[in-house]
Amino acid sequence: MVLSSGILLAQERTVTGKVTAEGEGAIPGVNVTVQGTTIGAMTGVDGTYSLKVPGPASVLVFSSVGYVTKAITVGSQTTIDVVIVSDIKALQEVVVVGYGTRLRAELTGSISTVSSEEMKISAVPTAIGRMQGQVAGVTVVNSNTPGGDAFIRVHGMGTINDSRPLYVIDGVPSDPGSSLNPDDIESISVLKDASSAAIYGTRGANGVILITTKRGKAGEKPIITFSTRIGIANAINQYNMLNAQEYAESVWLRADNQGVTRPSALYGTGSKPVLPDYLTPTGAKEGDPNTDPSTYSSSNVITKANKAGTNWYDEIYRTGKIQEYDLSISGGSPKSTYAFSAGYADQQGSLIHTDFKRYTFRSNSDAKVAAWLTIGQSLSATFTVKQGDMGSDGEASPISQAYRIQPIIPVYDILGKFAGTKSGPNFGNAENPVAQLTRNANNYDKYARAMGNFFAEATIIKGLTLKSLFGFDFGTSDQKRINLANPEMAEAHSNDDLAIDHNYNLQWNWVNTLSYDKTFGRHRITAVIGTEAISSVYTEENAGRAVYFNNSFDYMQLNSGEANQTNSGYASEWSLFSEFGRVNYSLNGKYLLEGVVRRDGSSRFAKSNRYGIFPAVSAGWVISQEDFMAGTHDVISFLKLKGGWGKSGNDRIGNYNSYTTFGVNKIQSSYPLDGTTSGLTTGFQPVQYGNENVTWEKTSTLDIGLDTRLFANTLSFGIDIWQRKTSDMLYQVQKPQVAGVADQPYVNIGDMKNTGFDIELGYSNKAMDDKLVYSVNATLSHYKNDVTKLSDNANEFITTASERQVDYSRAQIGHAFPEFFGYVVDGIFQTQAEVDAYPAFGTYNIPGHFKFRDVNKDSKIDASDRTYIGSPHPKLTGGMNINLAYSGLDLNVVFYGSYGNKMINYVRRWIDYGQFDGGLSKDALYKSWGSTYLKNNADATLPMYDVDPITQQNSSAFVEDGSFLRMKSLQVGYNLPKSLLGKINIENLYIYCQATNLLTITKYSGLDPEYFSSDPETLGLDRGATPTSRQIMFGLRLSL
Amino acid sequence: MIIAFALSCSEEFLTKAPLGVTSENIFYDAKGINALLTGTYAMVGGKGDTYENWDITWGSSVTNWSLGAVAGGDAHIGSTHTDQPPANEIEEWDCQTTNGWVADKWKWYLKGVTRANGVLKVLKGTQGLTPEQAKEFEAETRFLRGWFNFEAWLVFKNIPIIKEDTPDATLVPNNVDAMPAIIEDLTFAMNNLPDLAQQAEPGRPTKYAAMAVLARAHMQTLNYAAAKPLLESIITSGKFSLMPNFMDNFDVAHRNNAESIYEIQRAINNGSTDGGSADIGTGLNAPQGSDIGTCCGFFQPSQDLVNAFKVDANGLPLLDTYNQVDLKSDMNVNSSDPFVPFTDVVDPRLDFTVSRRGIPFLDWGVNRGNDWIRMQSNGGPYLPAPKFFYKKAEKTAASPSTGWQGGVSTNNFRYYRLSHVLLWRAEIAASENDLPKALDLVNQIRNRAKTGPRVMGLVTTYALPSTVYPFNLNIDFNKPAANYNVQPYTSFPNKDYAMKAVQFEMRLEFAMEGFRFFDLRRWGIAKTVLNQYAKDDARTARQFLQAATVTDKSLLYPIPQTQIDLQPGVLVQNPGY
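Here the protein sequences line up with chains A and B, keeping their order. Sequential numbering of the first sequence, starting at 181, is according to this note's numbering. Sequential numbering of the second sequence, starting at 2, is according to this note's numbering.
The reader is advised that the hints may include incorrect statements.
[Said to hold, decoys possible] Covered by chain A, according to a simulated footprint, are these stretches of chain B (three or more residues, beta-carbon under 8 Å):
#1 198-205
#2 249-259
#3 501-515
[Unchecked claim] Simulated restraints on C-beta separations:
#4 B/21 <-> A/658: 19 to 27 Å
#5 B/223 <-> A/449: 51 to 59 Å
#6 A/449 <-> B/486: 34 to 42 Å
Derived by calculation from the structure, the hints in this document are not laboratory data. Bear in mind the structure is a predicted one, so any value in this text is a computation, not a measurement. Even for Gly, the Cβ is constructed at its ideal location relative to N, Cα and C.
Taking the hints into account, I'd like the entire structure generated from these sequences.
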């Protein structure tokens, strides 16, 4: 022991030196450690260090946040000067945060980012839609109608009210919708916890999404980029419906089950139904004199039976063409930068006559007009057109009409006019979906938007910057919808109608900030204080006419309509004024502290409750910088522990909750006192009861996270564990109707809790002499939502989703918002003896009907036996993105999945249970109890097909596992070699082929487990929506 | 500096009052009170939704077509069996406390009452009205409040009475007899409302309207003594007379006629594709598909009702035996197969009340049977018409144009008319054994039916496939559509017979108009009559009333459970629920 110490001592010596970085000079705060020991020192303000090393074999490791770690063997040296280089890839990455930027390594809040590269992977046309699977803790569901918005939630469902996050685009609060060109985006930051979102005060509670668009770089030569993508989209799923002959059998099966006479008008009176040749004349055979085309008249709309059966999905699905073109030029002189872009996208829907077009223009520039003054601007102009029937969700949408209409009905009658449910008896009340889509083909929703900002930034003294930004968002939409007469439909619409909607919104915001950034030795302080004023106004005008001399789309204008002159309108305003501040302190890049406070005043609340203060604190500890970690740097490149607490608000309860108002309404407050058939005396009605005592919802979040990078930054792992508590949740407490019937005000009464974790995992490396570059990035998120209070009534619940007199989901204390609510089905009664031994349910219980569980054990079945039967919230959602690149070739695969969420396939109420006389599923005929096709009734998967409304009550029979794993996208690309491109002066040319939605693994029986619902109340309730399409595309990106 | 500037203007900057609406303080003058009062009138027809435009609240229709007519055995719910589950509960006299249609009625009555109270509150605080103005406003408002409360009393009986000065409406119990308050309001209205000649606008009530509603309230509690002078006053006033034609009480052309005492006014085409003040509450009740193309095939008359129109050789109804044998129907007969309508002799009012196969339906053509019915196996072979439906020629002017709502029309609902008053008075006469008086009054009604027009057009084409244009047939428009006969009674042998005859006449004259269930209840015969009806209905190859029974509980509808939950310990559920 003594000996060995002696030897060590003998070889021990002191090494000194200076650490500098290229272009930066001396670097203080660099860790200098002896590998494999706990010996270490830190560079001083002048970048110098001094430490004793055990011997010549010792290896000195120089590490500092933001720089590539460097290792040097001491050998015989006693002075070792080191030049370290910035680690641009990971640590110097700048992340956009509220009213500023931070180094990624210094973040203390829960913030995730999406880069422009990641935005390119997805083929979805909306910017928000492209975030799907890229960010842990964020749920994104895309609408599948052309140009439809995506739906996004951050960290579960933060409130029973509007839980959309706040979007800020280049400092201007505004929702990107489908009008922002994803190609223009440089980066997206998602502020997930309150410690990072509190700086947005009353609006930050549901997360903040900061979108930054591309700018040029100073001194950069002009880069011209052209990219295009062309392809096709197809809807790939259909319900498995009965054909015409099978449907006829189902009609008889139902009559037999009900014990009523078999309808014979169409199908005869034989032992098997026989399909007629004609529907109009009812049930006619070929040769019937009334089928002679010369007898065609409005009362004899001769219509053949489609004996083969119309596959309505084949009729409305098509191959939609997709085209996207983007051109951008960016660059800069030493004192100014510019980025211009123009884009065009045309996305035809996978349903006939549906289309979305987008034209975008953008100009972002900055100029350093003086050494101390920079001015700049962002400006975008967008024009979008949605055309055709965009009804996506619910029983009136074309996709639903396609299952609601019977297969025997042809698309057209013998003269080529549309056929429909009026062409025969008991054809139900569906619309011919081909007619619907065709008639609505020209209907449009045009949206023109201009938004952007102008700013000036002045450096008062070094480190102190004053910035003033004025932003605006102006949009106007013009919608024209014609509703043509549909005489072929059972419930025909008799006139040609026109509806015109115009709206206009203008919002401006003015932000003034004073920022300070100063390093004192090992201490770095950055701070920002500021004010923001926002004002927004919205107006809309609606008008309509009916009865047109000619029903061409162009002729049908407001001036040419002859009857039913209608018009109405709406207007609203809100404003917000705020003061805010944030201080960051960093000790040596190792200990990080952040404090935030914002004070908001909002017009949405009465004077006495107008102002609120939102604080947040967070801290980070870069453990890998500690001396004691010195020996682990070859394994642990970076390790940071962070945690934060903060409070933010949600003010989305409409603009006028504090006012009691009276209004006029043609139907509800007016009356024809004079006795004429068209005159109304206008009266007033109470519209809303106000509440001056209301204030915003408060959400406080606790977030603890770990950021690590291992094995020389090849493996990264981040985890955040969070809890969000929403209190003073705004709720329209039900008032007894004796107190008056009008809109009840919101009151601050509810509480909600969300807990969860987000994991982001990445691995990237090189192999085969760096020729193969590969990476895998995965996200995994979990949240659990709990309503902890709704009102003072502990039993209060909200019926969140109802369809056709049946309630599907509820929100109640102790459950998630929302959860499915209904009966529990314990199989199907097989025998009368089984029925007799079972608690009665009125007269419902008979063999072949559902055996509903006596949940409350009171020996009878009734509405009080309904209970919670499943949650639409997933236990886990995740995405995975795999990249391989080899010598110019690359492959990219994106998976997205959801696990543990339940869905209610409401469509089955129509196609399995026969809500109305419409199309039916194969199961209804072949697998329902009592079907002649069943060998054994015990094998029945459906109850007796007799359209008993109690069978159709919501029950566990409708609840399905909605879990899925989907290959969202597969892309193969090739970067043409420079050697080739150099000859033709092309910097870069990349060609690729991309396919989306190639593979889905799910047990869900509906069209698409990735069901889009923009309303959280109907979460998981599949009412029949356009399914996700499969797209095959070819693209190229060219830079000069 | 910027901060200071921004702070100084922030209060003004942050004050944004709502646009396009107003606050209560502008209503404190005659114009304002009239505006609030008009908003209260908007409720008389039964709009149960909160305040939105087109409300889908079928249970709250003031016609009581479901709660009164269907539950009274005049009709089935109709349509398909899965269309409206709450309606099935009403038809089967088995309402759950969660029944949405019943809940709509509750919400509607309170919507009306609280709007009326809002008017009275403002009225009390308004200076500068003439005493006449103030009295007229108060009388009209209290008429409306009495109206809403009485309609709710009919359905629930046990209702809280909320007044304009009730300190906390949520504490008012529903176990105090509501009738005195109803009578008080209607009496005030009666004593202060103007006479017919002074009431310029037919939508506003006269003193006779108040008298009629008040008389019905007394009839409903069998307080004949109180009802009698009121009915006498109306009859002897000389202001009202029976219209010559039974159908004058139902067609659009004869609105607000000489027989009419109070009508629910309806208008459309007033700037709304949705039907303006027309009654969406009956919006499901038009024929679906086929030649008419409206919606939704609800409210199909029962075989029992059709049978009630049978007459004997003397043109008199079969008071006790009418329902022993069914008149022939086309149940389960395809439209393309021949069906000869029955030739039995019936009261001509049948084909004004019920639409059946082979009989012309206004100007819409000949009812082609099965093809005109949404689903015979559910609702039976009949349609409600033409009493409540508009003529084809009137369609553009009389109904909104939008899809399924096309059956809603501008036709007024003649809720109270002289014929009601005459038959109520006859009921009192019968109870007093004043047989000549009862006979005279009943015969006034029957004589009108006798001398009035009939449905014309004898159809001799019996197969009615979809190819026939429903008027392009062999029809003899000089002949009545069926064999009709109706004669006055020659005498009433005794009090019981007279009472039975009066009750039967009410059914025939007011069939499908929502009175039946409440009439059977006040006469104390609801359980007997309706249980027999349910039993007999099984003959008609419909399945759905086989297991249904009327119990004591079914006589009142349940107080909505959601409201009891919101007012625990204050609202008490009706017995048996």
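Flag every earlier hint the structure violates by its number, smallest first. The structure breaks only hint 3.
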